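There are 4 protein chains.
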Amino acid sequence: MSDARLTPVASDNFAFGLWTIGNIGRDPFGEPTRPAMTPAEFVRGLAKVGASGVVFHDDDLIAPGSSAAEADKAKAEFRAALDETGVRVTTGSTNMFSLACFKDGAFTSNDPAVRRFAIAKSLRAVDLASEFDAEMYIFWGGREGMESGISKDPRDALERYREGINYVIAYAKDQGYGMKFVIEPKPNEPRGDTFLPTVGHALAFIETLDDPSVVGINPEFAHEMMANLSFYQGVAQVLWHGKLFHIDLNDQKASRYDQDFRFASENLKENFLLVRLLENAGYKGTKHFDSKPYRNEWGDGVWEFARNSMRSYLALAAAARAFDADPEVKEAMAAAGVGDLAKPTVGKYSAEAAAALKSEVIDFAALGKRGYYNERLDQLMIDHIMGIRPR
Amino acid sequence: MSDARLTPVASDNFAFGLWTIGNIGRDPFGEPTRPAMTPAEFVRGLAKVGASGVVFHDDDLIAPGSSAAEADKAKAEFRAALDETGVRVTTGSTNMFSLACFKDGAFTSNDPAVRRFAIAKSLRAVDLASEFDAEMYIFWGGREGMESGISKDPRDALERYREGINYVIAYAKDQGYGMKFVIEPKPNEPRGDTFLPTVGHALAFIETLDDPSVVGINPEFAHEMMANLSFYQGVAQVLWHGKLFHIDLNDQKASRYDQDFRFASENLKENFLLVRLLENAGYKGTKHFDSKPYRNEWGDGVWEFARNSMRSYLALAAAARAFDADPEVKEAMAAAGVGDLAKPTVGKYSAEAAAALKSEVIDFAALGKRGYYNERLDQLMIDHIMGIRPR
Amino acid sequence: MSDARLTPVASDNFAFGLWTIGNIGRDPFGEPTRPAMTPAEFVRGLAKVGASGVVFHDDDLIAPGSSAAEADKAKAEFRAALDETGVRVTTGSTNMFSLACFKDGAFTSNDPAVRRFAIAKSLRAVDLASEFDAEMYIFWGGREGMESGISKDPRDALERYREGINYVIAYAKDQGYGMKFVIEPKPNEPRGDTFLPTVGHALAFIETLDDPSVVGINPEFAHEMMANLSFYQGVAQVLWHGKLFHIDLNDQKASRYDQDFRFASENLKENFLLVRLLENAGYKGTKHFDSKPYRNEWGDGVWEFARNSMRSYLALAAAARAFDADPEVKEAMAAAGVGDLAKPTVGKYSAEAAAALKSEVIDFAALGKRGYYNERLDQLMIDHIMGIRPR
Amino acid sequence: MSDARLTPVASDNFAFGLWTIGNIGRDPFGEPTRPAMTPAEFVRGLAKVGASGVVFHDDDLIAPGSSAAEADKAKAEFRAALDETGVRVTTGSTNMFSLACFKDGAFTSNDPAVRRFAIAKSLRAVDLASEFDAEMYIFWGGREGMESGISKDPRDALERYREGINYVIAYAKDQGYGMKFVIEPKPNEPRGDTFLPTVGHALAFIETLDDPSVVGINPEFAHEMMANLSFYQGVAQVLWHGKLFHIDLNDQKASRYDQDFRFASENLKENFLLVRLLENAGYKGTKHFDSKPYRNEWGDGVWEFARNSMRSYLALAAAARAFDADPEVKEAMAAAGVGDLAKPTVGKYSAEAAAALKSEVIDFAALGKRGYYNERLDQLMIDHIMGIRPR
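Residue numbers (the working numbering), protein chains in the order written: chain A, 1 to 391; chain B, 1 to 391; chain C, 1 to 391; chain D, 1 to 391.
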C-alpha cells in the first residue's frame, strides 16, 4: 500500500462524539475503568490525532441541572478548545436516555409529563447545537421502545414519536437554524425492542413527517448488525432514497449486544464494501466514529484507538481504489454482469410493448445454463482486502 | 375457554397456499417425505377443514413449459374444485425462484434476458390471478439478493426492482384488473442477503413506486423473526402506514433458517399480541398460513396441522377478548399509562407554545420516581394466554 | 387451573440473588432508576413473597474494602434477617467482575497479580459462603473472555481457569466445607466472547478438573438463549450427565443482549418443556431466579415481579401434570413413538449380532412412509399451555 | 506477500467432499442449477487444482438400493481415478439424512426399525471407508434432533445416540480397522434443534462413550457460527482437550441458515485467528473444505472456488507467519501480557500457600489502573490481514 494516505486530513470529515474515545468503561457488570476527560481535553486530543469534527449530546457538555453560570463556563471552555484547535462541531443531539425519568421512553413515554420534558429538553439542545454551528442534529430514540409488548400500542408510540420530531424541527426552522436532522435506528438495547428498529423502518417513517426534505438517516454499523442485516445494503438503500445525511462507523459481531468496537476491527469484507460505496457515491457528510475503546484500554491506548479508526477507513478506501483500477477486476465485473444491472430491463410501460413481451417464447432452461462468476469476483475482492494483489 | 369459537367460518378469511399443507417435505439435506397433492385435492381438503381461501403461484397450478391444453386442463380441474367447495382464490403470485434461470435473481438478475423473462412471466401470472378473481397479488423477491456484495450495486438492484414492479402494476391497471399488490420482505435465504429485508425497507420502497396507493405489505411472521425483530411491532407500523393489505401467519425460532412452522407453535406471547392487534385494528384482509407441516408428518397429520393453525388463531383471539374485558387488566392498563400514550403531548407547534415549553422548569428527578407497573400488566397477559384467569 | 397451587412453599426451593429483585436499574445507557435495598430488607421481602432461599456474591453482602468492623456489622444484620424469617442461604459466589481490576478477566486476566487477587478473593468468599451454610458455590466467569482474539491464547486461558477452580475447590475441601460447586456458562457480554460459552463447553471442562465429582453446572435460561440454543435440550443434557446441581431461571429473547427478564415472560413453550423436565426428573436443587424487574418498575412492583416468577413456575408445573395425565396426550405420545425412544436399538455389540444386522435387507422406502404425528402432539402441548384443555 | 506459497502441496492435507465442489445447487426454493459430476470426474478435478484428499458418504459413491454389480462398478471407477491421480480418501461417513426414512432421525428416530437400519447402514459404510483406507470416519447427526420438544425426551435421544456410536465403533475395532472417529456438531437445520449442538456438547458426550480415546471432534466453521459462537475459541478448546482429529473449513454469516460459503470469504479476522492457531498448534490432520460454490456459479467457476479455498488458507498462513515474526507485534504482545497468561498463577494447592494468599493485602484499585493495549495489538493483526505491514 505504498501510495496510500493513511493519516487523516480535514476533508475526510472524520468526527468523534464526546462519549466515544473518552468513554469511562462502565458496563452493566462493572464500574468505570478509566477517568473521565473534559470536553476541552477531548477536543485537544482530537486535534492531535487529526480528526476534524466533534459530536455532542447536550448532557455531554452541560450536566443536567447545571446553573446558568456553570453552563456558561462549560461552553466557554469548550469553545476555547475548538477555537484553539480548529476542530468544529459537526453534530448535536439530545440525551434522552440517561436520566431516570426516561426509563419508559422520552417522546414515547407513557407519562405525558416526561414527554413534555423530552421535547423541552430537545428544544434547548437544538439551541445549543446551533450555538456551536452544528450542521446536523441526531434523533436517537434509545429509550423509545418497550420490554412488554402490551405496555404501549406501537401505533400510538409512532404517533407521539412523529409529534415530537415534528415539533422540534418546526422550532428549529422557526428559529432560522439551518441544520438538518437525522434519525438513528436501533433494534433493541437498552429497551427490549425499540421503535424504528432498522434504517428501513426509519426511512418509511420520515415520509410521514411534516417536512421530510430536512430529515435523513444516520445509519450505524453496529445497530444494523444487531438485526443481522447487511449494513452495506442498508446504507445503499439509504443512499438510493437520497437520505444519507450522516453515518456512524464502528463494528460489532452480528446478533449480539451493542459492542461499539473500533471501525473495521471485525467485519473487513462488509467494511470494504461500505467504504467503497461511500467513496464511489461521493458521500461528503460527517463520518462519525460512534465507538469506544475496549474496556481494558488505558491512557494513550484510547487515542491509538482513535487513530486506528481513521487509518482503517483510509486503508480500505485505498484498497477500494486499487480494486476498481485492477484490469482483472474489470474483466471479472463484466463476466458477472455487474454493469448490466444498471441498464433498464423493459423501459417504460406501453400496452404494445407489454403485449409483445408477454408473447415472447423464452427458452428458460437455456437461460439457466450460464454462470455469473461471483466466486472469482468475490475472491478478487478478498485478495484486494488482504493486499495479495498489487496496490 | 367455554364460550370461545375454535372452528373457522368464512368471515375469518383464512387461506392456505398450494405449497403449504401439501408441501412434500424436501429440504436441503433430504428427499421428499410425502406424496404431492393436486390443486383440486388441496382445495377439497381445505373445504373440509373449514378454510375459505387459497393462494397460488403460477407454477403451483400450471407447471412451467406446459402446453396450452395442459394449462387449460389444470385450470378446469382447479376451477371445478373451487366451484364445488366454495373455496375462493384470494391471492396470486409469480414463482420467480424455482427455475434455474432465477439463480441470480429475477427482476434484479444481472442477466437482462432473465429480467425480461421474469417480467413476462409476471404479466402472465397476473392474468392467471385475475382469471381466478384474486383480489391480491404478492411480489415475493426470494431470489432478489446476492451472496457476494460485490456482485451487484444494491442501488441498481433497487432501480430494477422498482422498474419490474411498476411495469407489472401498470399492465394490471391497463387491463382493468382490480387487484391490489403486496410486497413480502425477507432478510435472507435462499440468497445470502435479500433486497428489501424487512417490512420497514419495503414500506420505504413502496413510496418510490409510480402508484404507491395500490401497493401494500405482506408481512410474514417467520421472515421478520429471521432478523430477530418483533413481528408485532412490525405489523403495527405497517398498519400505522395504512399498508396492511395481507398477512402471512406461521412461526419460527428467531435468528434461524426459514422454519415455516405452524402458526402459534413457538412464540405464544408474540402471537397473542399480534392477534389482539389484528382483531382490535379491524383487519379484514386475508390471513394466509404460509407454513408447512413438520417434515416427519404424514397422511391426515397434514390436515391436523391446517386445522390447528386456524384453531390457535381463534383461541388467541378469544384470549385477547377475555384479556380486554378483564376489569383487573383495565386497571393495570391505566396504572401503566397505556391509554395516556394516545393523547397528544404538545399539540401543534407555535412559537409562543414552544417558548413557554422551553422555559418550563421541570423537576426531572421527581419524574423518575414513579413506576409503570409493566410487570403486573405483562403477567396478566401471560395469565390470560395460559388460561389462568377466567375466560 | 382450579386445583393448581400457585403460591410457593419451602420445598419448592425458590431462591433469589441479592442483586435481582433489588436491582437498581442502571444500564449501559442510563443511571439507576430505583433506590438500593439492604440485604436485610431484601431477605424480609423474600420471606413475605414466600421465597425460601437467598443467593449472594461476597460484594453483595460486604462492600470491597470494608473494614473488619463493617463486615461484621453487615453479616450480623444479614444473619438477623435470616434468623427472623427462616430464609436460608442456598448459594454463594465471588464477584470477579465489578471492580476495575477485573477488566481483562479474573482467573484468566493477563496480569498475574490480578489472577492472584481473584483466587484470594474467592478463598475469602468461600469462607463467607460456608459461614452462612451455603450448600452450593457458583463460578461465573463473566469477565473470563476477550474482545480481541489475539489478546489471549484460549488454551492458556482454559489452563488458568482450571488452575483457579482447582485451587479454590482444594481449599474448600481442605477446610472441610461440604459445599458443592457449579460453573455458570455464558457466550458473551460483558466480554466480546466468553470462555466456556455454553453448558456443553462447561461440561467438557469439568471432566478435566482435579475432582469432577463435586462440580456441576448452573445453566441459565438467558445465557443459552443468547447463543440461540434450546435451553430445554441443554438442561436435559446436563441432567443426562448427572450434573444439574443448580439452575438459574429467567427469560430472554434469543440472540440479544442479556435481558434477564422475569421467568416465563417470553418463551412459554420452552418454559413449559423445562418445568416438565425438572419436575419429572425429580430435580430437588435450588431454583434460582436470576432476573431483574423491568427497569421502569418501581416500589412494590419489584415484589410483584418476584411473586410472579414463582407463580408462573407453579402454573407451568400444574399444566405439565395435567398434560401428562391427559389420556389423549398419552395416545398421541404413543402414536409419535416417544416411549419407543427409551428402548435399546440393538443392545450390546457382538460380532454375530453385527453380522446379522449388517446383512438385514431393509425396505428403507417403506420405512419412510409413516408419520410421527408430531403436529398433533405439539398442538396438545400448546392447548395445555393455553389452558384450552381441562386441567 | 512476495514469498508466500499460494498453491497447495500434498502435505497441506487439503480435502474436499464429493458433495462440495460438485454440489448441484438445489435449495429449498429451487431446482438444481448445475449438472452432477461423477466421483471419478470429481477426483480428477481435485488433482488438477492440487487437493490431495477426498471425503465421502456411502451414498455419494454408491446410490442407495444399488445392486452388488452397480456398487462394484462405482467403486472400481472411483478407485481408478484415485490410482491415476494419487488423490487419497481421507475420510468416510454414512449418509443418514437424505432418505425419507430418516425424517425423524437416524440413531435417534422414534422408530426402532429406522434406528436398526441406521446402524446397519453405518456398519456397511465403515466397511466401505475402510476398503478405501480412510483414516477417519465422521458421525454427522444432521437429523438427530426435533422440531417439537415434546416429541422426544432428549435424555433418551442421547442414550440412543451413544448406543449407536458405541456399536459402530465396536464393530470397526472388531474388524481391525485402524480408523479414528469424529463427531460433527451442528445447532439446527435441517431439524428445528439438533442434539449435540456445539463442539462443547459433543466433547462432553464423547467422555461417556465406551472408548473415548478413538473419538474426536470435527468442528465446522459454519455450524458454530450458526450458534454465533467464536469458531476460533471453539477449536482452541477442542485442541486443549486433545480432540481435534479433523476440521471442516468454510464460511458463513453468523446466526443464519447453513450457508457453506467458500472458506475465508466472510470472516477474515476469525479465519486468520483460526489458521494461525492450527499452524502454531502443529495440526496435521485433514483440512476438509465442506462448502459449496455459490448457486449461481457454473462450469469452471466451481473449480475456481476450490482453488481459492486452498489459496486463502495459504495466504492466511503466510500472514500469520509474518505477524508472528514482526518485532512490533512481539512488543505489543508483551505489553498486552499475552505470554504471561501461559504462566501458572498460584501453582499447586497447599494449606500454607492458601493461608498466605488469603491474607495478602492487595490494592485492587491500583491493579485496575493499567492498560492491556489490546487496541494496538488488534490493529496490528488487522494491518497484517490487510497486508499493510511488510510481509
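Hints are computed from structural coordinates only; laboratory data are not their basis.
Computed from a predicted model, the values in this text were never measured in an experiment.
Please note that a few of the clues may not be correct.
Now the in silico label distances, taken between C-beta atoms and shown as ranges [as the list claims (entries may be wrong)]: (1) B/G86 <-> D/A36: 22 to 28 Å; (2) C/S67 <-> D/L209: 50 to 56 Å; (3) B/P344 <-> C/R26: 31 to 37 Å; (4) B/D210 <-> A/G282: 24 to 30 Å; (5) B/P327 <-> C/D83: 40 to 46 Å; (6) C/P35 <-> A/D133: 55 to 61 Å.
Cross-link-like lysine-lysine pairs, in silico, DSSO-like; alpha carbons within 30 Å at most [unchecked claim]: (7) A/K358 <-> A/K48; (8) B/K343 <-> A/K358; (9) C/K358 <-> D/K180; (10) C/K343 <-> D/K284; (11) A/K173 <-> B/K180; (12) A/K348 <-> A/K369.
All residues carry an ideal CB built from backbone N, CA and C; glycine is no exception.
*Mind listing which of the numbered hints don't hold for this structure, in increasing order?*
1, 6, 7, 8, 10 and 11
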